[in-house]
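Visitor: If you want the building blocks of each chain, they are given just below.
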Amino acid sequence: MKRRDFLKVSAMATAAIASNPLSAESGTEPSKKPIVKQYTEIGKTGLKMSDISYGTGRLPSASMILRAIDRGINYFDTAPDYGSSEEYIGEAMNKIQRDKIIITSKFCSPYAYPSHLSLGSKKKQFVNAVEGSLKRMKTDYMDFCFVHAIGEQSDNREKEEKRLLDEEMLSAYQSLKKEGKVRFLGVSSHGPKNMEHLLMTAVQSGHFDLIMPSFNFMTFPRIPDILKEAKKRNVGVVAMKTLAGAKESGFDSKGAPFAPAAFKWVLNHPEVTGLVITIKTIADLDLYLTASGARFSSADQKTLDQYARQFGNQYCRTGCGDCESACPQKVSIATTLRYQMYFKDYGIEKSAMESYAKLEAKADKCADCITEDCREACTYGLPVSTMLRQAHDDLSFIV
Amino acid sequence: MVQSTLYRLLLVALLPLIALVLYREGQQYDPALISFSTTQSADETPGEFFPREIEGLSRSGPVRTYTKENLYEYVNGHAEYFISAGFKKLVVGEYTSHPGNEPDAVIDIYDMGRSIQAFAIVTDESRGELHEIFPGLRGFRTPLSLSFAKGQYYIKIAAFNESLSLEVIARTMDAGITEGDDPFSEFASFPDIGEIVATRFIKEAYRGLDFLNNVMEREYKVKNGTVHVFLVLDDMNTIDAAVESLVAYLKESDIAYSEMKKGESTMYRIDDPYEGVWFLISSPGRIVGALGSVNDRLIDLLYTGGES
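Protein sequence lines, in the order shown, are assigned to chains A and B.
Residue 1 is where the first sequence starts when you use the numbering used here, and the numbers rise one by one after that.
Residue 1001 is where the second sequence starts when you use the numbering used here, and the numbers rise one by one after that.
Hints are computed from structural coordinates only; laboratory data are not their basis.
Heads up, simulated SDA-like pairs for lysine to any residue below, C-alpha to C-alpha not over 25 Å straight-line:
id, chain 1, residue 1, chain 2, residue 2
1, A, 32, B, 1252
2, A, 32, B, 1255
3, A, 365, B, 1161
4, A, 32, A, 255
5, A, 280, B, 1254
6, A, 228, A, 200
7, A, 95, B, 1198
8, A, 95, B, 1271
9, A, 159, A, 325
10, A, 280, B, 1257
11, B, 1223, A, 93
12, A, 280, B, 1240
13, A, 32, B, 1243
14, B, 1223, A, 87
15, A, 123, A, 171
16, A, 135, B, 1225
What follows is a set of in silico ranges between Cβ atoms, one per label pair, in the way DEER data are often shown:
id, chain 1, residue 1, chain 2, residue 2, range
17, B, 1247, A, 156, 56 to 62 Å
18, B, 1189, A, 254, 43 to 49 Å
19, A, 386, B, 1100, 32 to 38 Å
20, A, 254, B, 1162, 50 to 56 Å
21, A, 177, B, 1100, 57 to 63 Å
22, B, 1240, A, 98, 40 to 46 Å
23, A, 224, B, 1241, 45 to 51 Å
24, B, 1165, A, 120, 24 to 30 Å
25, B, 1256, A, 124, 49 to 55 Å
26, A, 32, B, 1168, 56 to 62 Å
27, B, 1261, A, 286, 27 to 33 Å
28, A, 98, B, 1222, 26 to 32 Å
29, B, 1065, A, 162, 50 to 56 Å
Beta carbons are placed, not taken as given, at the ideal position from N, Cα and C, and that holds for glycine.
Sequences and hints are given; from them, build the entire structure.
Guide: The structure is reproduced here in structure tokens:
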């Protein structure tokens, strides 16, 4: 083929592709690639989500959204403070059949994480946050809007309860729902304080259609009660932080692959509607979708046991926070160690450092601590003080 | 005499046209990447960039210097990140409002060896989106820090006093730092095809493709839309491995593509259902590609490297 001929066909090919928009129903990806095999209704919303769904915290491009849709993923979890995620969704929007996918975002500002609207925000601010998201995503509505990371902004349970059931937020949601801009309300939590209590309050309040807790095979003794209550009240449950620290880069099970095993464990709970997982690459997509609709096997359990043995004394259980009251310096232990997990295990160093910079009670105080009360207070026997010192060193580069 | 006057009048009449051409051409450059400062002498050390006073603060104590051997003392847990990105030397200057007090501001100057490596650090830190700090300088801000790249240097200003203007400090540092290498030579590989919207550095998995790492991308606004041109400069083995992985991925995914060889270069035209038609051209030590509203002229330009 001559160079001229080679180049000329490009315009024709582009036109052909443009006239064949992707949708959740019309796949173009060959079937030999893993695809979604299980969809479940989210509570009583009438919306069915893919069991493996897309957490867009590190979305690399609009094309990844389209690839995921073609593999059957139909639920996309985003937020204004997830980098360019909402803009990428907007870029993909003209190739998407909007009513075939579920988009969730947060009451949040588009600044470095965490930028969730705090207690004291006015109705107008909640409305503006949603309208900003819709504009960036080039859509008229979002399916769910989340009160995000409940339990993170304050150690005070009552204060976070107020944020959860904030009248300004609820009033904004009702207005947005009436205008067709938001269809349902959700709440997410990875603690560190009062996660179980706050999520139970959310479920029992009747205001929320969906909860998104941290949930994986290594933690959360009290979560099953919430799952049961959610099931009873027809509230959907979408799990996050399902990889228990995502330390798989240094882990070779020599058996069932770790990530699909961890997903299958979560999805094996009938109360769980689905899970969201960060998908950065096509290889991630290929691997993660092998867990869709699959049974949790004894080989999977063996892999998870092996992981727990190897990392059980290194993984700070997201959402726990049991040790925090033991610290006389009031260091934000669980949040610091969660940011450390983002830094080391998720590989999002800069974002983790930015978030840590915004934390008020950093772990700098741990350097001179001699009592190390946190070590004794950890339910799982982690060397908390040592971990905090290391975390501070890693995360404190950006002031 | 009359003829001479006519020539002069003609030249005067042409001045607005010349100005218009200069203005239009000037818009082709990304202000974040162009410095019109005088090139410094090769033996200048970054420590000399610290002024005695800045934003009402005085320099306190000696300038501290860190090398690859002891960088971990300053950025424990993060030293490897800098070293793998080309780090040569770090100098740290502290400023205080009252001698003997804790510093009100700390300025780090990382010599990253090459402008592209400094640029990579600042874009990575900003998660790919740099913002205009002031006209002519783009960087990244957090509430109490500001970072930018100038030539081969990555500069980070940290304030411990909320009343300080990080922009004023950045402006002073920017004026005082002059490039010590051949700045921006890598960016010359990008074609001149339209208005530059942004230039980014993507450390891993460009557009989700696991095999395309350390990618520089420039986004252009052109007549009929947007074009993304991407560039990878690396050793021959890395480039060959990336291309091999690309071909394997295309075959495995049943994505149609054509390839054509010319000399040491190979051009791939990929009919991608998700990206549209895009192009990738590999040659020893380099990959260049384009996505978006790509036309034949651009591909020709990338393929021939500007040769006729």
